[in-house]
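Protein sequence lines correspond, in order, to chains A and B.
Using my numbering, read the first sequence as starting at 1 and increasing by one per residue.
Using my numbering, read the second sequence as starting at 1 and increasing by one per residue.
Source of the hints: derived by calculation from the structure; they are not laboratory data.
Worth double-checking, as some hints may not be accurate.
Just so you know, same-sequence chains aren't split out, so a pair can sit in one copy or run between any two.
Straight-line Cα separation of at most 20 Å, SDA-like style, residue types lysine to any residue; simulated pairs [unchecked claim]:
#, residue 1, residue 2
1, 492, 296
2, 139, 229
3, 86, 536
4, 284, 312
Here the structure is a predicted model, which means the values were calculated and not measured.
There are 2 protein chains.
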Amino acid sequence: MIKERLSKLREHMKAAGIDCYLIPTSDYHDSEYVSSFFMVRKYFSGFTGSAGTLVVTMEGAALFTDGRYFIQAAKELEGTGIKLMKVGEAKVPTIKEYLEQVLKEGQSLGFDGRVVKANDAKDYEEILGRKKGRLVWDKDLGGEAWPGRPALLHQPVFLLDERYSGEGASSKIARVREKMKEEGAQIHILTTLDDIAWLLNLRGNDVQNSPVFLAYGVITMDKALLFAQEEKGGEEAWPGNVRAYLEENGVTLLPYEDFYPYLPGIHGKKILLSAGRVSCMLKKSLAQDVEIIDRPNPTALMKAVKNPVERENIRKAHVKDGVAVARFMYWLKKNVGKISMDEVSAAQYLEGLRREGENYIEPSFDTICAYGPNGAIIHYSAEPGSCAQIRPEGLLMVDSGGHYLEGSTDITRTFALGELTPQMKAHFTLVVRAMLNLKCTKFLYEARGMNLDIRAREIFWEQGLDYKHGTGHGVGYLLNVHEDPNGFWWKKTPGREDSAILEEGMVTTDEPGIYIEGSHGIRLENELLCRKGEENQYGQFMYFEDLTLAPIDLDGVEVSLMQEIDRKRLNDYHQQVYEKLAPYFEGEELAWLGEATRPI
Amino acid sequence: MIKERLSKLREHMKAAGIDCYLIPTSDYHDSEYVSSFFMVRKYFSGFTGSAGTLVVTMEGAALFTDGRYFIQAAKELEGTGIKLMKVGEAKVPTIKEYLEQVLKEGQSLGFDGRVVKANDAKDYEEILGRKKGRLVWDKDLGGEAWPGRPALLHQPVFLLDERYSGEGASSKIARVREKMKEEGAQIHILTTLDDIAWLLNLRGNDVQNSPVFLAYGVITMDKALLFAQEEKGGEEAWPGNVRAYLEENGVTLLPYEDFYPYLPGIHGKKILLSAGRVSCMLKKSLAQDVEIIDRPNPTALMKAVKNPVERENIRKAHVKDGVAVARFMYWLKKNVGKISMDEVSAAQYLEGLRREGENYIEPSFDTICAYGPNGAIIHYSAEPGSCAQIRPEGLLMVDSGGHYLEGSTDITRTFALGELTPQMKAHFTLVVRAMLNLKCTKFLYEARGMNLDIRAREIFWEQGLDYKHGTGHGVGYLLNVHEDPNGFWWKKTPGREDSAILEEGMVTTDEPGIYIEGSHGIRLENELLCRKGEENQYGQFMYFEDLTLAPIDLDGVEVSLMQEIDRKRLNDYHQQVYEKLAPYFEGEELAWLGEATRPI
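Sequences and hints are given; from them, build the entire structure.
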């Protein structure tokens, strides 16, 4: 099937005179998750992971993806003839190096310029320059060669009340204008959906797991344009209170389709935009006489720093979320081996518990419910039918989260379902110690995730172990579950904004893990709120407040492998969990919660 | 006296039509330490610190220096009429902001373009551009107005045999040419003295504490020019074996003075140079048709990675250095309170012990020997006459090092000379734990000092303490004691190259400290050699080998404040110290060494 799809694509390439066609995993807004309309790479490769780029030539095809997906991609690409390129492994070329190799003198490279970032396109253009080739950036061949492509949906938009958002849109826009002034810009173009939703206190449902809506924003010193309305039949998507709110806050609503045609009309202005986030098409659409000031979107840092209203709400969301996860744990421990359950049904059960929480909207990402060896697949996705039965032995890892009006959550717990091997217990204890070590770090203001990541990782490194992912990422407020610019990750990644100075109010996950192929995977994840601590002659000290509240399975912990400080930290955490969750439990369940959070 | 010197300078300014004259602390080569010829700022201000910039206008003068020197500068500037500008304090302008303030429309700014960095000059020029003023970069008014200025000395140069350097000059030059090719450059201009000395396996004595010689280098694909010979009477500085070595390695020796006149003759070439290190005059001397490729000097990384021969030599140097420091400790502990000693005489005694070591050349920097409260002054300099007597109580901090043919050393030990207060012992133990924690870090390749710094600092931060300096710096091989690009420092400093990936063979110091004004200062410093450890599925693990070998004063350690792991680390280190130093001790001294390195 994939082979047929690819040969259809090659026909379109031939017709358009394109020798090599590139399909990234993206939408028009550089979103991490994309709606079905944008799943072009999946359609032409069969690979279902959330990250990857397909490069198709007349002779072959290659899929580039990262360590999270090596096992999954290898499986899914079987029989397609597509070569798997394991990015980051020794001797595996990057996409750019690969293009250097496959593109012959004078050949052309094509892509849909709306889904390729401006900065990437620039690099590709340089390669073509050297090869005297041609760049075709205005051909959506993937779309043309995809019969029955899903429609681009514009779902209804809703207003996030200021008792949830904590700040009005006009105040936020004023802050953006301040930053524009500082940068000497007259126009700011914003195309990232979570930034637009945050700025206007609006939410939608156009991207799976992400309550955003398709839109482009243009801010000048006296105007704010929102290109978001569907041309035909989009009236009902914009209820009266939303329209009124936009008007009150000086925002003009325009058709989504009018954005690209609008761009060439800007003349002689300095435009603030993030060249690492906007599309190639956007840059190509701008007139020669504009000047681009390339900076991270000012909204990125603003929305990462949660305001006091948001913080208070987030705490409430985590109590609800903790109740659901603790109830799930109780159910799991009580019923495993007694009733039939598999990875999919267990995830559904958890989702049902979350849905009981007030103001719950939807999962904040696809739950990873991975039993036994499946836990070693970092971004495992269980499918009905093929997924594993859960039995009363080994480990079950569940990474899940929810969107509430009070914020978004992201939590991972790994559960011991019976006797564990000594190695499993040692690994479980290692992960607990690493998570605790980072979250109990006291640090001076100005420190970044890059400085602090080793607090979790040192526990692994001293034993010659590691995990091939960041220790943590920022989390949005009823927005993307992965949010810039804060995170924990020791490596410098050019162009990646994940190591900003940790500001009071930022929310970051702390999620070390261990993955033993064919055996087990263990990850634990808490969300941390960055807080100001004491200020003295040395400066402003900072610490992390626990947001996530759910027991860490003591059945996995080997106390003899813990130091006194580890035990104290775990007991302190469990005491908090008990105190905050107990009011929502009673009877047998309450007794169980006490036992699950007992001091060790 | 200073006032007279300044009014003389102002006469020269008037004659040259210069309204504002700037004198930094630098030589023609961006050296950290400068020879007496270059101490122009000191001559015109009276301030003797190692860092500071003097700005003189017709009406006044201001000296800019940093936190290390506020107390000293305030004292030394008394009565001179020069205003002290405490850089980094609130509301104190930077030099650039100050120039913005004092320069009136159309006024001119002057300096000796050979001692001002190209990048700084560019900033000054922008200010003048806005003010429609004139930049005069070719006037050494400081030199003109300084009667009796010391001569610019060219001391004899000597060859560092390949049994010490481990690699021939032609091989090093070939590696530089490889980098030039990679960067697309036809010419590389090198003006930093340690890079030139390293590249050519030559050493000299033109800068205090730094065995380098005044020189400029120009490398093309087929030529290597060394502008270093003194025009008159420089014959004896270049012995026959040095001249022969240069010839063998294809290096042409030219007069030092011919460098600047040579530059305008370069046409149509791409020149690799480090714009953050070369002088304003250099950039101004280049023709319009050259293209500058601004990169760190390739030699910086090459010389930081010590080759196997250098590593083996460095180990030997540290045994000799450790013997001297241990003997000093023995002498100090035995004699304090019994014979008269002060900070200066104690430092001299230590220097005498170092001089007994084979192939010892000179101190690698001015010894910091600071008793009691003086230890809290991070860059304390004891002066004969005014320095403190050492008594049998409190703490003595000694930060010292030596240049040997086998490499350069840098070691700090703090000694308990009698009963300590509980706070002093707690602080001493804290510093020991922090130093041990960093040096025992096992880490994955690609980690930088920025990632690892917290391993030392976390011990401080958890108690709400900190030290306002980096945890460590690179160390040259019979070169500068402070060497780029490796170091331990958690903050990102724009333009500072101190957080390179830690490569096998790099030598970095590990020197946390605590400074309590008016009471005491404690610093401990070991040099660490970066080594490859196990390689497994997670990658290449790295660890640090101890280079420095000298007892850590157990009289300062409060064992009850240590964890088991701290004790084990300290005992392991002391066992190494004993094993490697014992062969050089006998009798009572040997027994003492055993006691000083006993397990706790």
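Enumerated hints in conflict with the structure, sorted upward: 2 and 4
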